[in-house]
Each structure stands twice: as structure tokens, then as C-alpha cells.
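Here the sequence shown is numbered in my numbering, starting from 1 and rising by one per residue.
None of these hints come from the bench; they were simulated from the model. Watch out, some of these pointers could steer you wrong.
To be verified - 30 angstroms max Cα-Cα, derived DSSO-like pairs, lysine-lysine:
1) 277 / 450
2) 122 / 36
3) 205 / 45
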Amino acid sequence: MPPFAGSNPFSYGFHQESNSSIVTIDVGGQLFQTTKQTLALAGSKSLFSKISNSNETIPFIDRDPEIFSVLLSLLRTGNLPSKAKAFDIQDLIFESQFYGVENLLVNSQSDPSQFDAFNLEKSLVLPLSGRDSPSAISTTQYGSLHVAHGSKISSFDWALQRKSTILTQFTAIDSLQALSPKTAAAGATDFSGLQIIDLDKGFVKETLNWENVTRSGSTVQAIGSSPEYLFTSFESGRRNSNCIMVYDLNDSLRPVAEIGHYEIFGAELDSAIPSTKLQWIPSRNLLMASGSHSGPSGVSGNIRFWDIRSGNVVWELKEKSDCFSDVTVSDSLSSMFKVGVNTGEVFFMDLRNMDADNSWICLGEERKVIKGKKEGFGSKVQSHGNQVFCSKGGDIELWSEVQAGTIKTREGGLQDRVFRRNLMGRAKDMGGSRITNLNFGGNKMFVTRKDQQCVEVWSSGRV
């Protein structure tokens, strides 16, 4: 039973001056002094707030004084003191939950602003149950992790200490989008409907469907989200139509728009390609949707920027020569990056002038396309902060801008933008099986590999 069950959370000892800003607290027989202003930083719903409002006596709390001193230091500075390393992180989490300040602990240990791309190294491996390797991963802002492997979804808390696994209705999950630490959207290319799953209790809260004119079922090709909306790329079961549905995350997932609805007639290859990647671009309020198709003449694809308010395409690019294996938009760099499926090279396009006749600029050696070769097959590219991460087989390249220039033009001879490549990790971290997923959450990077039943955690500090 908790020490305060059925009573006030603290008992009382000595009197203290009611008009003083100094607060004295007795924790496990050890006295601590702080100020009401410091305690107020914990928030109105915390136990510290109740202590602060106890003006007449010294409260006694029957808890560990050493951990309390760590949390009080966290409250004062926003950072954990060095002595916190002597405690197990799970003990700190448990006590922070008791005092109602877990959010401060999360901010100090998994703040996205602490992400240090140049000092990342593999620091932890999270094993998964079963024989299936991860097919999709998704994270929350502060580093909670959801992993789809086979018909299961495993979830890890922000500290990567607690793991839970649920069994879903899917044979295999192809798309996964974290909506919160305890909720995710999941879909598959061979199973009808998008499922909103309560990962804590293991049940389907809601199934979202899209029907075309023939009323056939629809499978999920991709999922994305913004702070306000959930985006889902559907393809009809007969593969003769596709669209992107927009749902309101703040209004019970009410459908608010249907964009990019294509009914396929004859050999209209462009409209037959469903979007297999959706990425929200916050600074432009646009949705990037991309998809590709492999045929006898090679790989072709398209990239579209959608205005979800009007439902119109504001920018479009059709790819045929060295089509993308993967593509991403870096909002902070105002650029789009791709990995060429044939050459395996990284290309970028400056988006600061979308009306110009932009073309891809190769950041590597710009190797010639060799017929039949797909050097970039399976490569992934993701942007995070001011950096771009690209997988090449079992290695990860880090691209960063070292010289901010103006938009490259063929006529004006203006200064080019310069990007530099770095290989990531220590020598023992490099190589291995082909990388299948890259994602970021909190101050960490998460990596999965082909035929490996685990998730690698890359960080620049203690996990």
C-alpha cells in the first residue's frame, strides 16, 4: 500500500513562517530546504505543489531522501545531477511518477534538442520476441518506440525500460504510425482497413475504411501525420483506384478530406501508383506523397506536394531516370533528398524556389546508370533536424550542410550549397545486414536490419 493511502500525503512536524518563501521538507528523516518558486516549477498537479501550499508546518514524506535530492536538483536546474548515475533509471521513473514530475525527467533525459548527430553510436539493442524481423517502426517526440514484427506490435517506454507486446489481426504489418505512447495506427497491403490500436490494452479502438466507386475494400499503403491530422494512403482491393484520406486527430478521427483520388482506366501507369510514403512539411502546410513502380522498362515514380485545404497538387515531379529508392523532405534545410535506385547516390533539390525549373543535384560521384543494376535498392533516407541520414546496405551516411549558399542556377553562377558526408558509428558499429528502417525519437536514432529480430538504439549519451 502506498505510504499516503487513506490519508494526507504528508504528516506534520515543526511550524515554519507562513509568510516565508523558504519551504522545509522532511523526507525519510532528512530535512531539505527550497523555495516555493522552485516547487511551483513542478506544476499545479504535482505533489510538490501541495507541499508548497502547506504554509503552517513542515511536511513529512516517507520516501527515499537520496532520490528526492536528485529530483529536487532536477527541479532547480532542469537537469539530473551527476550523482543520478548511481540510481537505476526505473527507480527514478517510479519516484518521479510518485511526485508528479515525470515530464521533467523525460525532458532532461530524452529531449529532442539534445540530439547530437555527429556523436551517435550504437548503445543498446532491444530484442524482440518471435522469429519475425521488424517491418515498420514508429516513435513519439520523446522517444517512446513502437515496432511491428510479423503480426505483433512491441512497445517500449521513453526510457526503453518497459516493453509490452500485443497480437494484432494482421498477418504482417506494413505501415505503423505512433499517435501517442499508448496508441498507434496500423495497416497492411493485404488486409482491409486502417486500425487504431490501443497498445496498452491490446484492442482495436476503431477501423477506418475507404471505398471506391465499386465499393470494394481497401488496403493501406502508407500512413503519416501532422499535429492536427492523420493521413492514410489507400488502394482498392482490386488495385484499380487509390486515394489519400485525411482524418482530424482532434475530432475523433473525423474524415475531413479525400485527396489524390485516382480511378485507373487502361494503361494509365501514373495514376496506378499509390502513395507509399507520406510526410508532412510544417513550414509549408503541405503533404509530400511519393510512390514508385517497377516495370519492364525500369522504375518510375512521382512525388507530389498536396495542399490538403484545397485538395490540389501545388508541385509535382515525375521520376524515370534513376528514380528514387526513397525520398524525404528536410524542412529545416528547405530541401528534398533522394537515393537513386540505380546509382545508389544521394541527390538533393533546393525547395526555396519551387517555381523554378529545379533539378536534382548529386551529392556524390554522380555515377552513370548501368542498365540492370540497382545499387540503391532498399536504401533509406530520412531527415532529422539539420541533418540527413541515408542507409547504404548495412552502413549509415550522415549528410550535413557546411556552407549555406544561394539557390543554384545555371545562368547566374551563384554560390552552390555544399553538403558533407560522414560515416556514422564506431568501426564495430559499421556493416552488418541491410538496414530496413531508420527513425528518430527523443535524442536517439532507431535502426532495424534485414533478418534481425531486434532494434538498435543509437545515442550520444547514456541510455
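CA of residue 122 to CA of residue 36, is that 30 angstroms or under?
Distance of about 42 angstroms is beyond 30 angstroms: violated.
Agreement of residue 277 and residue 450 with the hint, judged by alpha carbon distance not exceeding 30 angstroms
The hint holds at about 20 angstroms.
Within a Cα-Cα threshold of 30 angstroms, do residue 205 and residue 45 meet the stated pairing?
holds (29 angstroms)
The structure fails hint 2 only (numbered hints given earlier).
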